[in-house]
Amino acid sequence: MNELARKTADPRLGSIIKLAIMAVGGQGGSVLTNWIEDCARASGYAVQATSVAGVAQRTGATIYYIEMAPAAKKQPVFSLMPAAGDVDILIAAEMMEAGRAILRGFVTPDRTTLVASSHRALAVSEKTVPGDGMANADEVVAAAKIAAQRLVLFDMNKIAVDNGTVISASLLGALAGSETLPFSREAFETAIRASGRGVENSLAAFNAAYEAVGAEPTDEKQDEPGADRAAQPSGSESLLARYRALESRAESLPGPVAEMAVRGLRSVIDFQDFDYGREYLDRLERVLALDNAKGEHALSREAAKYIARAMAYDDVIRVADLKTRLSRFERIRQEMNPQDGTRMKLTEFMHPRAEEIVGMLPARLGRSLSGRPGTMKVIDRLFNRGRRLRSDRVLPFLQLYVVGGLRRWRRGTYRHAIERDHLETWLDTALGYVAADYDLAVEVIRNRRLIKGYSDTHARGLSKFDKVMDGASIVAGRPDAADWVRRLREAALQDEQGKALDGALQTIRSFTEPQSAA
Amino acid sequence: MAERSFAKEVQKLKLGEGETFTSEGILAITKALLENGVGYVGGYQGAPISHLMDVLSDAQEILGELGVRFEANASEAAATAMLAASVHYPIRGAVTFKGAVGVNVASDALANLASGGVTGGALIIVGEDYGEGSSIMQERSHAFAMKSQVWLLDPRPNLPSIVKAVEQGFELSEASNTPVMLMVRIRSCHVTGSFVARDNRRPALSVREALSNPQSNYSRVVLPPMSFVQEQDKIDNRWPAAQKYIVDNKLNETFGPADGKIGIVLQGGMYNSVIRALQRLGLADIYGATDVPLYVLNVTYPIVPEEFQAFCAGKSSVLVVEEGQPEFIEQALGAALYKAGSDLTLHGKDMLPMAGEYTGQVMLDGVESFLRAEAPDLLPAQRRAPNRDAETDIPDLSKTVPIRPPGFCTGCPERPIFAALKLTEKQHGKHQITGDIGCHLFACLPPFEIGGSTMGYGLGPASNAAFDGGGERRPISIIGDGGFWHNGLSSSIGNAVYNKSDGIIVVVDNYYSAATGGQDILSSRADSATKSTGHPIAEAVKGVGVKWVRQIDRTYDVPKMRKILDDALSTDHVGPKVIVASSECMLNRQRRERPLAAKAIKDGRRVEKPRFGVDEDVCTGDHACIRLSGCPSLSLKKLDDPLRDDPVASIDESCVGCGNCGEVADAAVLCPSFYRADIVHNPGRFERLMSDVSQAVIGWLQARRSQKRLEFS
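Chains as they are written, first to last, in this note's numbering: chain A, 96 to 613; chain B, 21 to 733.
It should be emphasised that the hints constitute simulated quantities derived from the structure, not laboratory data. We put the CB at the ideal spot given by N, CA and C, even for glycine. Keep in mind that the hints are not guaranteed to be accurate.
Derived DSS-like pairs: lysine-lysine, alpha-carbon spacing no greater than 30 Å straight-line [unchecked claim]:
no.: 1; chain 1: B; residue 1: Lys658; chain 2: A; residue 2: Lys253
no.: 2; chain 1: B; residue 1: Lys419; chain 2: A; residue 2: Lys594
no.: 3; chain 1: A; residue 1: Lys594; chain 2: A; residue 2: Lys562
no.: 4; chain 1: B; residue 1: Lys450; chain 2: A; residue 2: Lys594
no.: 5; chain 1: A; residue 1: Lys240; chain 2: B; residue 2: Lys658
no.: 6; chain 1: B; residue 1: Lys450; chain 2: A; residue 2: Lys472
no.: 7; chain 1: A; residue 1: Lys240; chain 2: B; residue 2: Lys419
no.: 8; chain 1: A; residue 1: Lys240; chain 2: B; residue 2: Lys657
no.: 9; chain 1: A; residue 1: Lys594; chain 2: B; residue 2: Lys657
no.: 10; chain 1: B; residue 1: Lys658; chain 2: A; residue 2: Lys440
no.: 11; chain 1: B; residue 1: Lys622; chain 2: A; residue 2: Lys253
no.: 12; chain 1: B; residue 1: Lys657; chain 2: B; residue 2: Lys446
no.: 13; chain 1: A; residue 1: Lys253; chain 2: A; residue 2: Lys440
no.: 14; chain 1: A; residue 1: Lys169; chain 2: B; residue 2: Lys34
no.: 15; chain 1: A; residue 1: Lys168; chain 2: B; residue 2: Lys32
no.: 16; chain 1: B; residue 1: Lys657; chain 2: A; residue 2: Lys562
no.: 17; chain 1: B; residue 1: Lys583; chain 2: B; residue 2: Lys442
What follows is a list of derived Cβ distance ranges for each label pair [what the hints assert, rightly or not]:
no.: 18; chain 1: A; residue 1: Asp377; chain 2: B; residue 2: Arg705; range: 55 to 63 Å
no.: 19; chain 1: A; residue 1: Ala166; chain 2: B; residue 2: Tyr238; range: 56 to 64 Å
no.: 20; chain 1: A; residue 1: Gly259; chain 2: B; residue 2: Arg725; range: 33 to 41 Å
no.: 21; chain 1: B; residue 1: Pro579; chain 2: A; residue 2: Glu332; range: 50 to 58 Å
no.: 22; chain 1: A; residue 1: Ala388; chain 2: B; residue 2: Pro579; range: 50 to 58 Å
no.: 23; chain 1: A; residue 1: Lys169; chain 2: B; residue 2: Trp259; range: 31 to 39 Å
no.: 24; chain 1: B; residue 1: Pro579; chain 2: A; residue 2: Arg462; range: 26 to 34 Å
no.: 25; chain 1: B; residue 1: Ser236; chain 2: A; residue 2: Lys169; range: 47 to 55 Å
no.: 26; chain 1: B; residue 1: Leu616; chain 2: A; residue 2: Val294; range: 15 to 23 Å
If you want the ones that stay clear, here's a sample from chain B, every Cβ over 12 Å from chain A, calculated [what the hints assert, rightly or not]:
no.: 27; residue: Ser95
no.: 28; residue: Ala261
no.: 29; residue: Met475
All chains, please: the whole structure from these sequences, using the hints.
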C-alpha cells in the first residue's frame, strides 16, 4: 500500500439505474421491458435495453436488462449485461428465478431492491419425480430476505390471472408500487396504454399489484396444512349421530393420534360406510395397544394415516363414485368458471383393463378367473380400450353412477379381498417389529406411501413396496435398520424405474450378505 | 407468418434525413442497408438474427418501393451464394444468418465468393450466437473470416456505431473487392437506442436493371489457373487495399490519453463491457471518457500492424480483450510485436479466461488483475486492499434452484409424438435415436430423453447412416420440417434411399420453422402473397424415391402414432421408413386463432373452448402423466390433506386443451384423473335445452345419493 487513493468513481455513475428481469419464457418479459423502457424515455431518461433471445424463450430461463440515466447532451455508455453486485432493481417473475438471481449475485444487500412473485412455475425436474420433488421456496425466501436491500414479494401471478392477463402487467405494478424508479404512476400507466393490446386487463392487474405493495403479509407462512380446515360433515341427523359416535371414539385417542384418526375415519367412511369406519378404528386400536407414549405415539399416528390410505384404495367403484358427485361438478364449475350463457361439456378418460373388471366380481369368481390367463385375455379384449364418457350427458353419467353405486357390494369383491389381505400382511409385518425395534415398525408403516397410481403405475408401486419390505427384513436386527428403510423408501420415490432403489438395495446386500471366502 | 410481427416498427424505415430513429439493433441495421443503397437482401433465420429476417420480410413493401429484392433463402449456403450478384455487377447486397453454424453451412459459397472477389459491396451480417442465450456449440465465426480472407467487422454495440459499420462495410468491400462480414453479438441485435437517420437510397443499379445487361468474366470463376491468380490477388492487392481503407477512414478507434504507460486493445463488441469495468474501477466516467488508452478494433480481421504499433509506442504493456477461443487476435498481435522486436508485455488470455463469455464480473476481474500487475497505482485504494468484512452470508441456493432448460411449449404438437415414442421404447426397449436441429431436440431432455446426438441442420437421419444396415432393432431418426427443407431432403432422405437404409425417419412437420420464430417454409399451410407455400413433405419424400411413407395429420392421436411406429419397426419393407407427423405449432396457432375466437364469441357465434383438468381426489400423485408430457400447464399442487404425502397433478389456466393429457392417459393406461371441460360459448337453443335437461336429471340423481350419505367436503 504505497500510494494514496487517487481515483474515485465518477459520482454521476450513481445516477445510472440498473434493472434486470429474470423470467421464464412465455411470461411476457419482453413486453415488460418495453413498458419500462418507454416509461423511462418519456420521463426524460436515456435508456438502453437488451435481451437474450433464442431457444431460452421456449419455457427456459430468460434474462432482460435495462440501464437508464437522466438524459444529457452526451449519451452515457451503458452495459449490455448485468454484473454481479451491480444491480439496483431485480425483477423475478417466479420464485426460483428469484433464487437464480440471488445465486448469480444479482441481488446484494447494499443496493438491490428485489421485486419477486412468490408463485411457482415448476421446472420439469421438479415434476417428474414420483414422490415430492418440489424445490424448497422457503429457502429462497429466507435467502432473499438476507440478500435484498428491500424485498417486495407476493403472488403477482395470481393478480395477473384474476385480472385475465399475464404476469408482466402485475410485475410492472409491483415495480411502480415499490417506488424505486423515479417515475410517476401515470407514466407507467401511459406506457401500458401506448402498447395498445389488452390495455384494460393490463391496467387492472397493474393497479392491483401497485396497491398490493406494502400491504403484503409480513410473513408468507400459511396455516399448517389440515389444521381444522377440513369442512365439517353434513347430512341427515341420524347419519350425523352415528358419525359422531365414531368420531368421539377417534377423538378419545391420545393427542397426536386423534387428529389424524379423525381424518382417517372420515376418509374411510366416505369410501365405504360406518361399519368400515368401525373396522378402521378397531385396527387402529390394535396398533395403539402395542404403542407407548415414549415414542409420542408415532407408530399409531402413522398407522392412523396409512391404514386409512390402505383401506380407501383406488378401485373403479371409488373413481366412479368420486366422478359423479355433486361436489365434484361444483368444483369443476368453479375451476373452469364458465361465463353466463355458456354451457359446459365434460369428458372423462377411462381405460379399464381386465384386472379392473375382474376386481369388481365376487371374490371367488374373480380369483378363479384371474387364475386363467386365457379367460383374462378374452375379458381384456372385450373391455380394454380407451373410453371417453361424456359425463354431462344422462346416459354416460348413469353408467358411472351405477358403478359408483356398486359400493354397497364392494366388501364382497375380489379387489377388496386382495386389498384386505395386503393390508393385513403389511400391518402384521410392521407390528411384528414393534417389540424389537419400534422405529423400524414406524418406517415399515410408512412404506405404504409407495403404493399409488393405477394399472402399470400401481403394479410398479407394489413391486417397489415389496422390494423395500424385503430390504426391511434384511436389515431388521441392525441398530440402523429404521434409517435404512427410510433411505430405501426415499430412493424408491426418486425415479420411475426404481434405479435408485435397486442401488440402495445392492448396498444393503453388500454389507449384510456373508462375503464368499476369498 | 412469423412469431413476432414488425409490421408497425418497419414504418420507421421510412424516416428521412435528420430524423431520430429509435429502435433496436436489427431494425437499425435494416435502416442502414436502405440508406446505403442496397440492391438485394436475403438470409436464413436463426437466433440472434431471426428477427432481422422477420423485419426484412415485414418490410417487403418498403423494399419493393426502393427496387430492393428480398429473398428468404433456403439455407445460409443459398444466402451466401446469392451474393454472386455482386461479383460482376456493381450492386450492393447483404445477407444475414447466425454464426458460427451459419458460416459452417455457408462456407462453400463463402470460399468461392471470396476467391473470385466482388465488384459491388457484399455484406454478410452474422449474428454471433456465443455466450448466455446461445443455442449452439461455442465457436467463433472469426476462423472463417481468416481462412477465406473475408474481412470481419465487430463494431461497438450501440446503434450509431452499428449503422456506421454497415456503410463502412460496403465501402471496405468495394475498396478491396472482398466480401465483408459484419458481426453482431446476441445482445447487440436487440440493444435499443437512437441514431440520426438519413434518406433511403435506391440502388445505383437494381438487380432488375442488371438483368438487361448481363455480365460475365471468367477471371472471377474459381477454376485453374484463375484460382491461383485469385489467391495472389488476395494477398498482393485486396489485403493491402483493405488495410489502407481501414487506416484512411479510421475504422478502428482510439480513446483516452495518448501517453499512457499501459493500454487495452479490444474487439469493438467488448467496448461497453470494458468501459463498465473501468467505470467501476474509477477509471472512466459515465460517458466513457477513460484514463486508460483504448484501441478499439471495429475491424477484427485483418489486423493493421502499423496502426497497432503506433498505439503501442511508449507503452510498457497492453491487454488484449478478445472473447472466445482460439485467441486469433492476440496471436496476430503477438506475432507482430515479436517481428518488430518489441519488448512490450502482451497480456490477454493470461488475465482473462480462454473460454466462455466475458460477463461483467469476468471483465472486471480481468481488467483489474491486468492493472494490478502492470499499473497498480491506477487502482483506487479500496480495490488494492478490498475490505472483505462487509460481505454478508447469503445462503447458498445452488442445490435449491432447479435448472430450467428450454422445452416444448404448452400444447406443443411435438409432445405427443415423443410420448408415443417413449411408450414404444417402453414396450420394445431402447432404440438408437438421433435428433436434428429444431424444437424437437428438446425431446432429448427429461422427461422424454429421446435421442442422443445432433450433428447439424437437416442431418438427423444422415447421422444414423452407420446403423442403416439394420440390426435387431431399427435405428430411428428425427428431423424437423425446417431441417428437412434446409438440406435434409438430399443429405438425409436421398442419402437413406440411395443406401437402402433400414432406418425409420420421423419428420416433425409443424407448419413453420418454429424454433427460429415461426417463419414460413415450403410446406407451410399459410397463404403468402410473396412466397409459394403448401408443398407437402410426404410428396417430396416420395419424389426422391421413398416407398414406405405414412402421413399423420393429428399428432395428438397417440395410439395412432404408436401404431404407425410399430408398423415401421416391424415391416419387412426394404429401404427407409418415413413417417411425416404433422400438426400446427401451438404457439403460432394460438397467436392466429385466439383473436379470431374472441371475435367470434363477441359476434355471437358458437365457439367451443377446451381445457383439461385433474380430479385431485382421483389423482394419487405418482406423476406418471408428467413423465410422458412435461407440459408447462400440467404442474403439481400440494393438497391440504395430512393423509396425502405427495403433490397431485394440476392443470393451470394456461392449458389450451390440446388433448395430449387425455390421449396419453388413454394410450399408456395411466389413470382416470383427467377430464376435459369444453365451454360452449353462444350455444344454440336446442343445445341449451338438452344441456339443461341433462343437468336437471344428473342433479336429481346426485341429490338422491348425497341424501343417503354424509358429505365431507
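Hint by hint, here is what the structure shows:
Taken as a hint, the Lys658/B and Lys253/A pair is honoured in the structure, with Cα atoms around 17 Å apart against an allowance of 30 Å. With a CA separation close to 22 Å, the supplied pair Lys419/B and Lys594/A stays within the 30 Å bound. Taken as a hint, the Lys594/A and Lys562/A pair is honoured in the structure, with Cα atoms around 12 Å apart against an allowance of 30 Å. For the hint pairing Lys450/B with Lys594/A, the CA-to-CA distance comes to about 16 Å; that is within 30 Å, so the pair holds.
At most 30 Å may separate the alpha-carbon atoms for a hinted pair to count; Lys240/A and Lys658/B meet this at roughly 24 Å. Of the supplied pair hints, the one linking Lys450/B and Lys472/A holds, its CA atoms being roughly 27 Å apart against a limit of 30 Å. A C-alpha spacing of about 18 Å is found between Lys240/A and Lys419/B, which places the hinted pair at or below 30 Å, so the restraint holds. Under the criterion of a C-alpha separation no larger than 30 Å, the hint pairing Lys240/A with Lys657/B is consistent with the structure, at around 25 Å.
Proposed proximity of Lys594/A and Lys657/B is supported: the alpha carbons are some 26 Å apart, at most 30 Å. With a CA separation close to 27 Å, the supplied pair Lys658/B and Lys440/A stays within the 30 Å bound. A distance of roughly 26 Å separates the Cα atoms of Lys622/B and Lys253/A; the hinted pair therefore holds under the 30 Å criterion. Proximity of Lys657/B to Lys446/B is assessed by CA-CA distance (about 28 Å); at most 30 Å being required, the pair is judged to hold.
For a cut-off of 30 Å, the pair hint linking Lys253/A to Lys440/A stands: about 26 Å separates their Cα positions. Using a Cα cut-off of 30 Å, the hinted pair Lys169/A and Lys34/B holds, with the two alpha carbons roughly 26 Å apart. The suggested pairing of Lys168/A with Lys32/B holds, with an alpha-carbon distance near 24 Å, which does not exceed 30 Å. Between Lys657/B and Lys562/A the alpha-carbon distance is near 28 Å, which keeps this suggested pair within the 30 Å criterion.
A threshold of 30 Å between alpha carbons decides the hint, and for Lys583/B with Lys442/B the separation of about 13 Å falls inside it, so the pair holds. Hint check: Asp377/A to Arg705/B, Cβ distance near 57 Å, so the stated range 55 to 63 Å holds. Our hint of 56 to 64 Å for Ala166/A and Tyr238/B holds, since their Cβ atoms are close to 58 Å apart. Look at Gly259/A against Arg725/B: about 36 Å separates their beta carbons, and that is inside 33 to 41 Å.
Against the hinted window of 50 to 58 Å, the Cβ-Cβ separation of Pro579/B and Glu332/A comes to about 51 Å, which satisfies the hint. Between Ala388/A and Pro579/B the beta carbons are some 57 Å apart, a value that agrees with the proposed interval 50 to 58 Å. With their beta carbons about 37 Å apart, Lys169/A and Trp259/B fall inside the hinted range of 31 to 39 Å. The hinted range of 26 to 34 Å is satisfied by Pro579/B and Arg462/A, whose Cβ atoms lie roughly 32 Å apart.
With their beta carbons about 52 Å apart, Ser236/B and Lys169/A fall inside the hinted range of 47 to 55 Å. A beta carbon spacing of about 20 Å between Leu616/B and Val294/A agrees with the range 15 to 23 Å that was offered as a hint. Taking the minimum C-beta to C-beta distance to chain A, about 19 Å, the non-interface status of Ser95/B holds against the 12 Å cut. Listed as outside the interface, Ala261/B is consistent with that label: its C-beta sits roughly 33 Å from the nearest C-beta of chain A, beyond the 12 Å cut-off.
Against the 12 Å criterion, Met475/B stays outside the reach of chain A, whose nearest CB is about 18 Å from its own CB.
Comparing the model with each numbered hint stated earlier shows that all of them hold.
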